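> What follows is the residue order along each chain.
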Amino acid sequence: MRPHSRLLALLSGLGLLLGGPAVARAQESHVGAITGHAVRGQQLYRRYCVGCHGKAGDGLGENAMWIDPKPRDFTAAVFKCRSTPTGALPTDEDLFNSVTRGFVTTNMPPWRPLTPQNRADVVAYIKTFSARWKTARPVTPITIPPEPAVNIASILHGRELFQRLECWKCHGPAGHGDGPSAHELTDSKENPIRPYNFETGSRFMCGTTNQDLYRIFMTGLDGSPMPSFADQVRPAEAWDLVHFLRTLQTLDTPEAALWKQWLATHAGELKPIGPEGGQQ
Amino acid sequence: MKRSRTLWWGGVAVIATLPLGSAALSAPVPPPAAGTISGKATYTGTPPKMKPIDMAKEPNCVTQHPTPVMTENVVTEPGNTLRWVVVYIAAADTAAPAATETVRYDQKGCQYLPHVAVMRVNQPLDIYNDDPHSHNIHPLARVNPEWNKSQPKGAPPIHATWEQPEFIPVKCNIHPWMHGYFVVLRTPHYSVTGEDGSFSLAGLPPGTYTVTAWHEQFGTQRQDVTVGSGETKTVSFVFTARPY
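Note that the protein sequences, when read in sequence, are chains A and L.
First residue of the first sequence? That's 1 in my numbering, and the numbers climb one at a time after it.
First residue of the second sequence? That's 1001 in my numbering, and the numbers climb one at a time after it.
Check the hints yourself; a few may be wrong.
Said to hold, decoys possible - Computed list of lysine-lysine pairs in DSS-like fashion (alpha-carbon distance at most 30 angstroms, straight line):
1) L:1051 <-> L:1108
2) L:1051 <-> A:189
3) L:1233 <-> A:189
4) L:1233 <-> L:1153
5) A:260 <-> A:271
6) A:189 <-> L:1040
7) A:55 <-> A:189
8) A:70 <-> A:55
9) A:189 <-> L:1153
10) L:1057 <-> L:1153
11) A:271 <-> L:1051
12) A:271 <-> L:1040
13) L:1049 <-> A:271
14) A:189 <-> L:1108
15) A:70 <-> A:260
16) A:70 <-> L:1040
17) L:1153 <-> L:1108
18) L:1233 <-> L:1057
19) A:271 <-> A:189
20) A:189 <-> A:260
21) L:1040 <-> L:1153
22) L:1051 <-> L:1040
Unchecked claim - Which chain A residues stay away from chain L? Per the calculated CB distances, all over 10 angstroms, these:
23) 68
24) 132
25) 261
Read the hints as simulated data drawn from the structure, not as lab findings.
In this text, all values refer to a predicted model and were calculated from it rather than measured experimentally.
Ideal Cβ placement from N, Cα and C applies to all residues, glycine included.
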């Protein structure tokens, strides 16, 4: 036995003593050039994540009862922020981005204080809580075509979609999260949940960019009431919807500037959004 | 909690009884006449009352129903019969061909039609929106992948299949009163009780079967039944009804 192989044997023996089940130690994550390891992720998870997500990853940590929306249950392997179609597992990068970004309007903070390697390790460990990570076929992310230039026609068409697809039923006619179905929404565990209020600020549930916004309604936020619109919206139309949604924010975006300028002279031409808006 | 336990037992029922059926199905030559298991599902105790559904939030749906639609999670009739009970032979029938005909599931008048749709593993399922407004169809699967899709007015049917047997609650988040079930089974031998609580499982080769009866609120029951050649056996399932 060569010295380094003896060392390896000793280390793996230690791993058996300290680590969890064999599957936990074997799991990896791949984020860019970084490879995350579950055995290291476990140590970090038990220090930083366990309070809310629980030792078993079931979202029933000791803080969970005080938290709303509830911490994610990793044993269900259903995730909101994905680049993959509804019903599919997220990519490692999706999970890494969620850990990095945190979730606006929830108790999940951004975990930038952890190094990228640390975050990749945690992601690898999160994947040990459900067998689906072993059994499910890998699914490719949705493709997002390049964003066309913003113009009034695009925003107006996006507004028509907002009415026709009935986004307002939950998000409200002005995007304030106060539509007629808003107060009865529940997540997949029957816990009450609010639709996103576009007035809240600059962060969406899964990012801040136009691409993130596109991805949110095309993939849906699994486990929440937000469905996927991928079968209903063509890619070009999806960008129109993105441009309109930007005008609902209280931010100085190019979309909002253009919209304000147009509204100053054309506001009277708009049909209302909501039940009285009819089919546009 | 109640739901997940029911699903779990449903899964166990499917797996646990596999060998029984395979033994029963290795029939000798010449093939004997098929048997039938039929009967009724009833309840004892106090079932919850069916309640009228307030659809005021969706005016279209109010006008579609001159009298209010009643909740369907527990549907009882005079004689204590119980509707929407799925009765099936959990054992997989290895000789049975795969199910290829498409199961149709409708969203109409803010209701799921039928309330309980039974299909086999990998059987094509088409989900239609017959209403002049959007629905989102959200099967809350746990064994199979959970997904959630929007289906606006006039959108084509959504095609789906399920790879694993499971009792999947279905809901529409926009209209939270909408509630149904996809029941995914391996076996071709199943029956859903009608208004009179009756079911019939025909075409069974002689043998001993574990017959399972599932109700979304009153749980799962099992009985072992032996059917002879050309015989019809009558079986009753009596569920204990809880008011809440």
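> None of the hints should be skipped; say for each whether it holds.
Each hint tested on the structure:
1. L:1051 <-> L:1108: The given pair, whose Cα atoms are some 19 angstroms apart, holds under the 30 angstroms limit.
2. L:1051 <-> A:189: Holds: residue 1051 of chain L and residue 189 of chain A sit about 23 angstroms apart, inside 30 angstroms.
3. L:1233 <-> A:189: Violated, because 41 angstroms separates the two Cα atoms, which is more than 30 angstroms.
4. L:1233 <-> L:1153: This hinted pair is violated, its Cα atoms lying about 47 angstroms apart.
5. A:260 <-> A:271: 16 angstroms, holds
6. A:189 <-> L:1040: Not OK: residue 189 of chain A and residue 1040 of chain L at ~33 angstroms, beyond 30 angstroms, violated.
7. A:55 <-> A:189: Holds, at about 19 angstroms.
8. A:70 <-> A:55: With Cα atoms ~15 angstroms apart, residue 70 of chain A and residue 55 of chain A stay inside 30 angstroms; holds.
9. A:189 <-> L:1153: Distance of about 28 angstroms is within 30 angstroms: holds.
10. L:1057 <-> L:1153: 17 angstroms, holds
11. A:271 <-> L:1051: Since the Cα atoms of residue 271 of chain A and residue 1051 of chain L sit roughly 38 angstroms apart, the hinted pair is violated (cutoff 30 angstroms).
12. A:271 <-> L:1040: 56 angstroms, violated
13. L:1049 <-> A:271: Status violated; Cα separation ~44 angstroms.
14. A:189 <-> L:1108: Judged against 30 angstroms, a Cα distance of about 25 angstroms means the pair holds.
15. A:70 <-> A:260: 38 angstroms, violated
16. A:70 <-> L:1040: Not OK: residue 70 of chain A and residue 1040 of chain L at ~42 angstroms, beyond 30 angstroms, violated.
17. L:1153 <-> L:1108: 11 angstroms, holds
18. L:1233 <-> L:1057: 48 angstroms, violated
19. A:271 <-> A:189: 37 angstroms, violated
20. A:189 <-> A:260: Violated, at about 41 angstroms.
21. L:1040 <-> L:1153: 39 angstroms, violated
22. L:1051 <-> L:1040: Holds, at roughly 24 angstroms.
23. 68: Given a closest Cβ separation of 18 angstroms, the condition holds.
24. 132: 8 angstroms, violated
25. 261: Holds, since 31 angstroms exceeds 10 angstroms.
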